[in-house]
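Produce the complete structure using the sequences and hints provided.
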Amino acid sequence: MAKRKKTKKKEPESYFIGIDDPVELRKHILEPTREVLQFLQSYEQFQKTKEEKAHHIQELKQDLKSIRTEVNKLKRFLPKSKLKTAAKKETAPKEHQPSKKVKAVPPELASLEQELGSIEKKLGTLSE
Numbered sequence: 001m002a003k004r005k006k007t008k009k010k011e012p013e014s015y016f017i018g019i020d021d022p023v024e025l026r027k028h029i030l031e032p033t034r035e036v037l038q039f040l041q042s043y044e045q046f047q048k049t050k051e052e053k054a055h056h057i058q059e060l061k062q063d064l065k066s067i068r069t070e071v072n073k074l075k076r077f078l079p080k081s082k083l084k085t086a087a088k089k090e091t092a093p094k095e096h097q098p099s100k101k102v103k104a105v106p107p108e109l110a111s112l113e114q115e116l117g118s119i120e121k122k123l124g125t126l127s128e
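Every letter in the sequence shown is one number past the one before it in UniProt numbering, and letter 80, counting from 1, is 80.
These are computed hints drawn from the structure, not numbers from a lab.
It is possible that some hints are incorrect.
Unchecked claim - Listed below are the simulated DSS-like cross-link pairs for lysine-lysine, each with C-alpha atoms no more than 27 Å apart in a straight line: (1) Lys80 <-> Lys65; (2) Lys50 <-> Lys61; (3) Lys61 <-> Lys75; (4) Lys73 <-> Lys61; (5) Lys53 <-> Lys65; (6) Lys50 <-> Lys65; (7) Lys65 <-> Lys48; (8) Lys61 <-> Lys48; (9) Lys65 <-> Lys75.
Said to hold, decoys possible - If you anchor each label on the Cβ, the simulated ranges turn out as follows: (10) Lys65 <-> Val36: 42 to 52 Å; (11) Tyr43 <-> Lys5: 55 to 65 Å; (12) Arg68 <-> Glu35: 47 to 57 Å.
Quantities reported herein were computed from a predicted structural model and do not represent experimental measurements.
Yeah, the Cβ is synthetic: ideal placement off N, Cα and C, and Gly gets one too.
Listed below in structure tokens is the structure:
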């Protein structure tokens, strides 16, 4: 068998590039990172609010369920009566008859019409 020759791995050549304003470049790199972090924080807050909402909804459902069971228990213990049908008859909607509205002339309007009529008479006598 032939022995393989050991070859050294060539390291990539490193190149150096001069940066005119390194502080400004860092700012440009770090600003988007800061924005991403702010976005992630707001997203975490949103997730927390969403979880709280789901928790409150679940509590509300449990409360409603317990209220329904208590109301059903109460209905079983109360005597049955026919008051419900009587109450419904009393609250039946009454037919409203449209009332005829008579337009009452306000006293101001009547007095203005009288003054206008008297002025027209005076103008008629002056033009003759």
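Cross-check of the supplied hints:
{"no.": "1", "hint": "Lys80 <-> Lys65", "result": "23 Å, holds"}
{"no.": "2", "hint": "Lys50 <-> Lys61", "result": "17 Å, holds"}
{"no.": "3", "hint": "Lys61 <-> Lys75", "result": "21 Å, holds"}
{"no.": "4", "hint": "Lys73 <-> Lys61", "result": "18 Å, holds"}
{"no.": "5", "hint": "Lys53 <-> Lys65", "result": "18 Å, holds"}
{"no.": "6", "hint": "Lys50 <-> Lys65", "result": "23 Å, holds"}
{"no.": "7", "hint": "Lys65 <-> Lys48", "result": "26 Å, holds"}
{"no.": "8", "hint": "Lys61 <-> Lys48", "result": "20 Å, holds"}
{"no.": "9", "hint": "Lys65 <-> Lys75", "result": "15 Å, holds"}
{"no.": "10", "hint": "Lys65 <-> Val36: 42 to 52 Å", "result": "43 Å, holds"}
{"no.": "11", "hint": "Tyr43 <-> Lys5: 55 to 65 Å", "result": "56 Å, holds"}
{"no.": "12", "hint": "Arg68 <-> Glu35: 47 to 57 Å", "result": "49 Å, holds"}
Hint violations for this structure: none, all hints satisfied.
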